[in-house]
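4 protein chains.
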Amino acid sequence: MAALDSRGILREIGCAMSLLIKNGEIVTASERFVADVFCEKDAITRIDRNIRPPAGTEVIDAKGRYVFPGFIDPHVHVYMPFMGGTTKDSHESASQAALIGGTTTLIEMICPNRTDGALEAFELWLGKAEGHSACDFSFHMGVSRFDAGMERDLREIVQRGVGSFKVFLAYKGAFGVSDEELFKTLSLARELGVVTTAHCENADLIQALQARLLAEGKCGPEYHYWSRPPVVEAEGVHHLMTFAEMTGAAVYVVHVSCEEALQEVLRGSARGVRVWAETLIQYLLCDKTDAERPDFEGAKFVMSPPLREKRNQDVLWNGLRKGFVSTLGSDHAPFDFKTQKAMGREDFTKIPNGIPSLEDRVNLYYTYGVKRNRIDLHEFVQTASTAAAKIFGLFPRKGTIQPGADADLVVYDPAYRGKISAATQRMNVDYSAFEGVKIEGRPHVVTVRGKVAARDGKFVGERGRGQFQRRERGGYG
Amino acid sequence: MAALDSRGILREIGCAMSLLIKNGEIVTASERFVADVFCEKDAITRIDRNIRPPAGTEVIDAKGRYVFPGFIDPHVHVYMPFMGGTTKDSHESASQAALIGGTTTLIEMICPNRTDGALEAFELWLGKAEGHSACDFSFHMGVSRFDAGMERDLREIVQRGVGSFKVFLAYKGAFGVSDEELFKTLSLARELGVVTTAHCENADLIQALQARLLAEGKCGPEYHYWSRPPVVEAEGVHHLMTFAEMTGAAVYVVHVSCEEALQEVLRGSARGVRVWAETLIQYLLCDKTDAERPDFEGAKFVMSPPLREKRNQDVLWNGLRKGFVSTLGSDHAPFDFKTQKAMGREDFTKIPNGIPSLEDRVNLYYTYGVKRNRIDLHEFVQTASTAAAKIFGLFPRKGTIQPGADADLVVYDPAYRGKISAATQRMNVDYSAFEGVKIEGRPHVVTVRGKVAARDGKFVGERGRGQFQRRERGGYG
Amino acid sequence: MAALDSRGILREIGCAMSLLIKNGEIVTASERFVADVFCEKDAITRIDRNIRPPAGTEVIDAKGRYVFPGFIDPHVHVYMPFMGGTTKDSHESASQAALIGGTTTLIEMICPNRTDGALEAFELWLGKAEGHSACDFSFHMGVSRFDAGMERDLREIVQRGVGSFKVFLAYKGAFGVSDEELFKTLSLARELGVVTTAHCENADLIQALQARLLAEGKCGPEYHYWSRPPVVEAEGVHHLMTFAEMTGAAVYVVHVSCEEALQEVLRGSARGVRVWAETLIQYLLCDKTDAERPDFEGAKFVMSPPLREKRNQDVLWNGLRKGFVSTLGSDHAPFDFKTQKAMGREDFTKIPNGIPSLEDRVNLYYTYGVKRNRIDLHEFVQTASTAAAKIFGLFPRKGTIQPGADADLVVYDPAYRGKISAATQRMNVDYSAFEGVKIEGRPHVVTVRGKVAARDGKFVGERGRGQFQRRERGGYG
Amino acid sequence: MAALDSRGILREIGCAMSLLIKNGEIVTASERFVADVFCEKDAITRIDRNIRPPAGTEVIDAKGRYVFPGFIDPHVHVYMPFMGGTTKDSHESASQAALIGGTTTLIEMICPNRTDGALEAFELWLGKAEGHSACDFSFHMGVSRFDAGMERDLREIVQRGVGSFKVFLAYKGAFGVSDEELFKTLSLARELGVVTTAHCENADLIQALQARLLAEGKCGPEYHYWSRPPVVEAEGVHHLMTFAEMTGAAVYVVHVSCEEALQEVLRGSARGVRVWAETLIQYLLCDKTDAERPDFEGAKFVMSPPLREKRNQDVLWNGLRKGFVSTLGSDHAPFDFKTQKAMGREDFTKIPNGIPSLEDRVNLYYTYGVKRNRIDLHEFVQTASTAAAKIFGLFPRKGTIQPGADADLVVYDPAYRGKISAATQRMNVDYSAFEGVKIEGRPHVVTVRGKVAARDGKFVGERGRGQFQRRERGGYG
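As they're listed, the protein sequences go chains A, B, C and D. Here numbering that gives the first Met the number 0 is used: the first residue of the first sequence is 0, the next is one more, and so on. Here numbering that gives the first Met the number 0 is used: the first residue of the second sequence is 0, the next is one more, and so on. Here numbering that gives the first Met the number 0 is used: the first residue of the third sequence is 0, the next is one more, and so on. Here numbering that gives the first Met the number 0 is used: the first residue of the fourth sequence is 0, the next is one more, and so on.
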């Protein structure tokens, strides 16, 4: 079998053997029943009881297991140039880690600098992923400035299937946009019907606070928090709400970490702003004290916005359960502890930000959400898969289980018991922030478009089989 | 065929002929695809393409039509004693109206007075419905006082399958509960895992405002609003949030009408209160000026909380779209204009409250929601069916389309064009608040547990076939 | 000299000798300058530099000292029947303690039970004070029910010069009012132009929480907090705001203890409710952990609302400085530790509520407010004297220093250093919650209507010289 | 008499004749009594009854009149370069208009462009005022950028007695500061103990909205509002609150126009931000519909923030009464209608902003505030004089009546009845936005440092007698 890829190049795609998943308990955002799922080529073609497999069909016994739609991670960094080097994961390692953990589609941030061309950046990122990623993928197109050339590029990039933008209110001078550019970006986004995702922290304020802390000799990772306290994040969200209201654009606030920021999302919502909030698995399970661990151990937990006081976890769980936090992402950012995090040993502002968790997001969320009764199975699927598919225009090809949908399926074993460890993870980083943490469930089999890609913690799929997913208007419905 | 009903009496139930709905576009809260639905006895048994019907199967062509799960109205009054008389609808007329309009399950309020026994009231209401209702039904058990006898009754009623309570903070002296009783009711509800629905207006305040208005000679229907302004409703919600927080109970605020009240729901949510909000079709489409129509015409639009200023409609639509308003109900309360509403001609406080809309809820919501692009098809199904099923413990038997679920299906014709009129409605009331309003869609076929009950605006089902639905914990998951 | 008292009985009043306070730094809410103050009979007659005293004038050297207007304590309990006994202070001891501490006028709560006649209660309280109190005094008239007789009594009591009401939303069944009574009380208050002071906690909720705690074996003083958490107080304030808005009445929230409650005051203010907030010296200096002291020591710190988490202190100080908390009171409630607080040794709900502080309020406020730079001298005078005089209709007779005003003056010595101790206090209670706490300032001389009543920590005045202060509309302007 | 001015130049100052104001009702923020005020040289020296004037004393009969402290306008523009021309008032005309209207001290904004030197600008403005202004004056030092040179200049300017800064979040590219500069300005302000006043609107957003409106052909003055809706102002205030909280600086929000902005001030206050709010007489009396008057008449009412919906007036009056709006200013900006406002006839963004009202502020505030019972006399003095003196470090030399204070007095005639008209005003502009508006009160005599400067609507003082007022830390206490 062969097909044209996004550049028109002929590629071999997955063989046509059919697949039958038998007797699993199918769980989607709004259904739950026991049946068989039959897949032909890339798609689910039948869901019924007692489907008899044609000859040559691979049959998977899902009895006593859940069958979930493939999970979607809406917020991932794989390739990211950084101080002369890059992040540690390649698309090969990252996509395999994703699949082992049940994530069948990821949306990567394209993060050009202010001086880069957007189209050029898109081509660069697409080239890094295509032919290397084993899972399906899409991109949020980072907008790091706005001028006539950028507008032209963005229009073309949207045409080519990237139905969402990303802006940084933070990281001034590098990735961030001015208010004038923000207004123009949102206006264009509204015209084109694409969602704009936004990192909401005020960059100038952070720089000023960093400078003040360093000047006071406060250089350790525990001071990272104080350079970006909750009020800085809430300020960013409030700012975005104003611009979204004035432009009519639909916006998506990435990595909401605390009640203060969420309150601003709710205040915006209540006056009609079209806004979704994302939180991250890290904020649900780690807290401010982790970044205060002695001996630079805290650096493993440095991310932005920072880990918050523990009381925020209840607020975020409640938000996920009630739907006013729409999605759960990982903000995967794979930096090594020994060689990369270590660059900030004398100066917390030089610690690369991020806590790798692409591989563990789903299992941790299942264990500490569903098993601890904080969310139910439908809320689990909704926030870790379906909502992202709907908001970002992948639905119903992705994000649910129905005839005609891509056969991205996770046969999940709720009986599995294990622990997370850097020693056994597929992510190409030298530590895990969740070292030793127990998980109570794991994907038994993971399929991408009808083909088994991971089984019981191992990647067993085909390298580079992942496809770029063209996306449409999504949340604009 | 025969079965035991809730009292153990043998009843004939629907014949066993199978049903096949072909080629419709199946839409649930999180799926959308074209397929056939095959139903045997009461249940959906298969969903697949190209199902070949066994002999004797009734086949319905759904090509070009949507197939929705049967809609659920979570807030209905059918039988209600009132000033020596009662409401105009019987369970026969109400259930047929519901089915014509696409509602296959309704949850009725049992509204005993403070002096009535709860178990006795439950038996009374059940007896009124059973054998008369053509659609399935359940009840919210009204709690109008709380003492040892009431507690005993409530425990038994929950055992018998009524998994939700209803309290009135308003209507003091008749249906309302004191704060002490409210605390005890919520504490019991939490223990038993049932949701408490609440009418949130402060009764004493309303009585005082009514007395003041009447003393000032302000007696017309246009003054109803001023006896229950937004602040009275917001006060009620705020009060409930406090009691829900202190008891840990899950609560459901019925008929939220305005931004002020919704803001209190959101403030409660953000600090972790387990609360859902319901709004009504009337609040989305009518406003304060309707109740100000001259010549007592306004009385047709008197309900509580009152119709609000038009600006609130945007807030409520946005809430339904974003999910912080969970459900859409009708608060159906069938009083005639000429003989019943007229009792308040000299005194607005004597106008029976309510705007009949059980029959029209779904069509109006589809027309002015989906067709006007305020909500998408999935949000439509979610808020008019699935959410109520989940919150009130009917899911997944009701509220979705999946193998094993009850075959409650609505084959919906989006090409239909028509107008609402009292002259043609099945509800047994002498007027329609929506007289002349256009609708752009209507159920072509409505089935209840596998049997066609309504077709193209006519009831064609079996009288009294509706079954009492035992419900479990619901929202407590 | 003689005059008629409030009952028309001839009484000797203060001798006519004139008084000259020389060279003090006069500080009012909006002035600050060095001058002499000359007083004749009851009043200030001149403020000028270099006033030459007529013969027979008592001259006080105030050089290097402040001259403040006499402080006003707007919230005091002296006489209060309690479980067969009463509070420990008499009007004699309480008024002398007040004067020693710089308070020249106090407003006492009249707290009748629901069954008492209001006029009868007023006469009772007036009789207790008149002829016994050395400082001037007025009352807030407690309204513990509302019916025709009560209305008649209240109209007469207002006529007789009690220009404010007091309601309890808490203490159901004893002092509290129903919502219907609240509405009527506020409506009457508005008609008569009197301010209604309110204790804002929901009584039913407290009783339910108390019962739950006791049932769980949580009987110590540390559980008092949990029977009245911040949400209970905020609920009470929110409730009052609604009723004040609906009636147009001016209200005064006594003893605001926490941010949650203050936020509700601010939300009410911003939508136009005429509301003032009072806080207490205890909330500024003590916190929740005091009531958790071991060996029943915590009982000394049991009051309602309870002492809160320390973070609230900043909020309250900021409110006093910025004026959105208007007044500082003591809520003096003199119960002995050994014989009275001890009644709650097995059951915190039986601990009499209150922390005696009538004598210490001003010195503590000066020391930890002015000296610690949290408020300036004008804000000090404004919140501890002037604001209460204005709100409650004593101004400009009381609350400021001007020709014609009563010569209630505090010559304050900022050089004094000392400690608070039960061993040396005049209040008739066997402990001090502030035992050992340092004060940095103390009244050198305190005058009441032109006569020296206290000097350097000793009462040197005339017993029973205090007069009942007839008050007018006050805050209604 | 002669004295050294701020540059060390010898100048003639007011003659030394003494002044006696007899029998007026003296009203300060916290006193009210009938007495005589005796002034010698610049100062009040005695306040007493029956003062006998030495020979040569000018005696003014104030019987039946109020004696207020001279009013202070905290927000005035006199000199302002503008599109090649300037504002119409000189310091001569402006100061005389101020005095006629009862304002004895004004604080003018120094508004340098980003390219101007700060010290140079200060000298320029000082030179314009000194020798020309008949009333006393001070400045807010505009900070339009922040670098090492600016910091040096600001330190010197503060040393020279300008104890407050002014920043624009709006007017990007001209007067506005970046967030980095804002942080540094506030940090310096905190170090130096000066208050920072701020114009809170987001400049980029306004530019974008202006461009969009013009592109849509919306060019008339009625569109000015839509280029700066309430959300833009609220955004600015929210932004400032964040920066004030992070730096600990004390801030003063100029010209708060609406509830949305005031709510952000209150939210900041409640979490401890040291913030004051100012509103303007225009917002209390005019509204959005004024700027919608036909035939370009609306241009007379174009100012920023724009006039708002009428409902905001109640909120602002309530704020002034309750003290959470601290001051009332005029934001006087004298542009002619025919030659200057007319420049925006084809394009509302070219209409010079401002509604001249320096002369009318006090009379309008008295008439529509005190006489209409919205504020009392003390609140009137507090918000129109005393509060500004305290916040900006002029107190107690200005802002009250006490021995030693400057003899800036307004003998106010409450019996006067008249109308405002451009034909009779002293301000040098060709229209009045208040043409024909009735006033019920007017200054009978106005003195500046002991000398009569205005009488019954006429300037009768000495040109150029006004002195630059060195100011200290003010609000930092």
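Check before you lean on any hint, since a few could be wrong.
Treat identical chains as interchangeable: a pair holds within one or across any two.
With a Cα cut of at most 25 angstroms, we get these calculated DSS-like pairs of lysine-lysine [to be verified]:
hint, residue 1, residue 2
1, K418, K457
2, K337, K217
3, K349, K183
4, K370, K437
5, K437, K40
6, K418, K349
7, K217, K183
Just so you know, these hints were derived from the structure itself, not from any lab.
Verification of the supplied hints:
{"no.": "1", "hint": "K418 <-> K457", "verdict": "within (15 angstroms within a copy, 60 angstroms between copies)"}
{"no.": "2", "hint": "K337 <-> K217", "verdict": "within (22 angstroms within a copy, 51 angstroms between copies)"}
{"no.": "3", "hint": "K349 <-> K183", "verdict": "between (32 angstroms within a copy, 23 angstroms between copies)"}
{"no.": "4", "hint": "K370 <-> K437", "verdict": "within (12 angstroms within a copy, 48 angstroms between copies)"}
{"no.": "5", "hint": "K437 <-> K40", "verdict": "neither (36 angstroms within a copy, 45 angstroms between copies)"}
{"no.": "6", "hint": "K418 <-> K349", "verdict": "neither (31 angstroms within a copy, 52 angstroms between copies)"}
{"no.": "7", "hint": "K217 <-> K183", "verdict": "between (38 angstroms within a copy, 19 angstroms between copies)"}
Of the numbered hints stated above, those contradicted by the structure are hints 5 and 6, listed in ascending order.
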